[in-house]
Amino acid sequence: MVKVIEKIQDTKRIINSIDFDAHWYRRVFHTFGASFLIYYMLPTDIHWINFLKSWIPIIIVNIAIVLEVLRLKGKINSDYFFGLRVYEKNRVGSYVFFGVAILILLRFFPQQIAIPCILCACIADPLMGEIRNRFGIKYVYIFGFVICMLFFMISWYKADIRLLLIASIFGAIGAVIGETKKFWWIDDDFMIQMVPAVMLFIIWISIPYLGFNYPDPIIYQGVIGV
Amino acid sequence: MEFIKKENNYSKLIRTEILFTPLLIILPITVSFLLIFDWYIRGFLENNTVMYNGELIIGVVILIVNFIFDIPFIKSLKAFSKKNG
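Protein sequence lines, in the order shown, are assigned to chains A and B. Note that the first sequence covers residues 1 to 226 in my numbering. Note that the second sequence covers residues 1 to 85 in my numbering.
Don't read these hints as lab results, they were simulated from the structure. Glycine included, each C-beta is placed from N, C-alpha and C at the ideal position. Warning: the hint list may mix true and false statements.
[To be verified] Listed below are the simulated BS3-like cross-link pairs for lysine-lysine, each with C-alpha atoms no more than 30 Å apart in a straight line:
| # | chain 1 | residue 1 | chain 2 | residue 2 |
| --- | --- | --- | --- | --- |
| 1 | A | K3 | B | K78 |
| 2 | A | K7 | B | K75 |
| 3 | A | K138 | A | K89 |
| 4 | A | K75 | A | K3 |
| 5 | A | K181 | B | K78 |
| 6 | A | K89 | A | K7 |
| 7 | B | K82 | A | K181 |
| 8 | A | K89 | A | K73 |
| 9 | B | K75 | A | K89 |
| 10 | B | K82 | A | K89 |
| 11 | B | K82 | A | K7 |
| 12 | B | K78 | A | K89 |
[Said to hold, decoys possible] Covered stretches of chain B (chain A as the covering partner; in silico rule of three or more C-beta atoms under 8 Å from a C-beta of chain A):
| # | region |
| --- | --- |
| 13 | 23 to 29 |
| 14 | 33 to 43 |
| 15 | 47 to 57 |
| 16 | 69 to 77 |
[To be verified] Not everything, but these chain A residues come out facing chain B in the computed CB check (under 10 Å):
| # | residue |
| --- | --- |
| 17 | Y25 |
| 18 | V28 |
| 19 | F29 |
| 20 | H30 |
| 21 | A34 |
| 22 | F36 |
| 23 | T44 |
| 24 | I46 |
| 25 | C122 |
| 26 | Y157 |
| 27 | K158 |
| 28 | I218 |
So here's chain A without its partners, still in its complex pose (with noise of 0.2 Å):
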């Protein structure tokens, strides 16, 4: 009887620490995501990496569909996909979404759109689910809504400064509802990039009609002066 609990306890301590690894593993793969932000340091003006630079991210993107679709018609193994969550058994995975939403934020919106919108899913993101654990879900909306103010207003901070309120305060609101809102056919990682998107696109295209200019970049291509 002895040997039987101490071989419970042992199973549960190998599943518990399992748990561990994949949740660290999760969060360091979100941050990973910034690394995309190479892609504005890139130069256009020079023909091969400009070619590079437009179908690496598709490329990778469609690799994870592919892989996503083999794994949902049982072609490959889960045991090869680590740190799925319970829920992404018989759903399309996170990391797929993820990508997704990086890939559509680069080719399609403007770096000043894209660039906190992707921090707000790399880092926002795993630092919100830290918060979740650690202190319980009411804090996660106002650490959620500082942090990922903070990311539009690095990013937002060339602009006039009424129009660096707007964007900052309209992005996190948009930003902290992407996560915290569920939806069990969508995941939080695209719907945390796609929602601020979408709501600073509509002011970007409003920039004119308020009488402010268009912010410059960012980040500049050429890396180190190339």
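Following the hints, position chain B against chain A.
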């Protein structure tokens, strides 16, 4: 947070993780250093910091947050590797 539990194949799990670990850790840190370096070269040395301060702040934020999450991740990975031989 509930993850899909694997019944017995721990080595397969850890292999997937280890395969991606260098990329997951090194690439964001490299990008953050590039942003900071670009600020230093084109902003600080050319006395044009106002234009490049955004790059500096984004670079520093990415760097700090990566360290915050990388350290427990590597610790958990080490502990997990030890436990499973």
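If you check each hint against the structure, which ones fail? Of the numbered hints given earlier, those the structure breaks are 4, 5, 7, 23, 24, listed in rising order.
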